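Whole structure, please, built from the sequences with the hints as guidance.
Respectively, the protein sequence lines represent chains R and V. Going by the working numbering, the first sequence opens with residue 336, and the numbers climb by one from there. Going by the working numbering, the second sequence opens with residue 336, and the numbers climb by one from there.
Since the hints were made in silico from the structure, they are not lab data. Source: prediction; values computed, not measured. Relax, there's no trap hidden among the hints.
It does not matter which identical chain is meant; a pair holds if it fits inside one copy or across any two.
Heads up, simulated DSSO-like pairs for lysine-lysine below, C-alpha to C-alpha not over 30 Å straight-line: (1) K468 / K509; (2) K477 / K388; (3) K397 / K468; (4) K468 / K375.
Protein chains: 2
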Amino acid sequence: MAEELILLDEWLSMYGMRARIALAEKEIKYEYREEDLTNKSQLLLQMNPIHKKIPVLIHNGKPICESAIIVEYIDELWNHKAPLLPSHPYHIAQARFWADFVNKKVGDASGRIWAGKRDGFEAAKSELVESLKELEKVLGDKPYFGGDTFGYVDIALIPFYTWFYTFEVLGNFKVEAECPKLIEWVKRCKQRESVSKSLAGEKEVYEFVVHYRNTHHLD
Amino acid sequence: MAEELILLDEWLSMYGMRARIALAEKEIKYEYREEDLTNKSQLLLQMNPIHKKIPVLIHNGKPICESAIIVEYIDELWNHKAPLLPSHPYHIAQARFWADFVNKKVGDASGRIWAGKRDGFEAAKSELVESLKELEKVLGDKPYFGGDTFGYVDIALIPFYTWFYTFEVLGNFKVEAECPKLIEWVKRCKQRESVSKSLAGEKEVYEFVVHYRNTHHLD
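Structure below.
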């Protein structure tokens with residue numbers, strides 16, 4: 336059967352990058368469709384009527400929404416190569432716990448930095464740094480969160496790296512000074528083609544955020 | 336090997352009930368330990384140092400945290416009977432999507448009703464009713480969210496029923512008037528021993544909330 340696979344995405348989205356990296360790890364071909372989030376397509380509204388958010392993976396006409404769920408779907412369906420989740424239920428549970436931590440803590444603090452008011456910066460910055468330090472402890476001396484292999488938690492976290500430059504400029508700090516081992520891990524991840532070709536550019540993110548903050552009168 | 340299985344829980348918790356129902360569906364024996372959340376045990380702080388929340392399932396000394404992750408762990412590890420998630424990756428993704436919706440929408444609105452200030456009631460109540468109506472549409476004419484079998488989304492949602500009475504008294508409305516089919520589904524779920532023995536009492540929840548709101552000067 337001819338597979339039809341479409342990714343509704345937005346290039347700068349941390350969550351969209353996760354889907355792109357997972358598809359690249361599996362070497363799955365798909366049609367990429369950039370969404371203009373200020374003017375969402377009918378297809379996006381029809382495929383994700385509940386949250387109206389990207390990314391949405393449309394597989395033979397059926398939508399899969401929410402980045403963590405998309406990555407698990409990709410891993411479960413195309414299980415012939417590059418397993419993203421570990422095999423033992425306990426290790427799977429641990430990976431899900433830390434990916435969920437990335438969403439709840441890193442995701443939340445990041446949003447408050449780039450799209451929040453300046454008076455909330457210090458609290459959000461502390462929370463971000465604290466969360467990244469926690470993740471650095473989990474990484475320990477392993478090459479990847481998945482151990483020797485790049486996996487689910489790596490995919491959940493690495494897209495946030497592309498926003499670090501913006502956070503650093505806005506918050507006047509350096510992630511590397513706080514979490515040097517995490518930045519070593521970033522460099523390791525970026526050597527993978529699946530990652531490097533899926534990540535937005537740091538300067539591109541920064542320009543978007545500056546424009547966003549100006550037009551929303553946040554500075 | 337002798338298995339050691341302990342559930343750190345709090346009887347009135349919607350999230351704890353999920354773990355109890357999943358374990359009951361699988362007919363797994365475990366030691367239940369009630370936590371006093373105003374004075375958390377050393378074991379809880381040690382087993383879930385990140386969120387310090389119940390439920391925590393401790394399996395042979397190793398913790399699994401977050402209710403959705405615990406239910407998936409139980410389903411994956413004890414896969415000999417009563418499958419909770421469907422078998423096809425697309426249906427799994429759909430089940431995860433709706434369980435996540437329960438957490439994000441029903442869970443959030445519920446919290447704002449029972450532990451929030453009165454001036455936030457109307458907005459939270461509308462959001463709760465709207466979310467329950469959305470879920471009622473997903474249920475459709477099926478006996479369970481899992482289709483003919485009770486499953487993952489059923490487990491995610493049914494514990495909230497035990498709090499409906501409290502929401503109704505506080506918000507002066509009736510869930511049944513808004514979502515009659517959902518209440519039919521509740522009755523069907525309650526006929527299962529796994530559910531009936533795992534759910535807190537509605538009056539017990541109400542008394543807890545009245546006491547909580549009094550001591551926190553919320554009314």
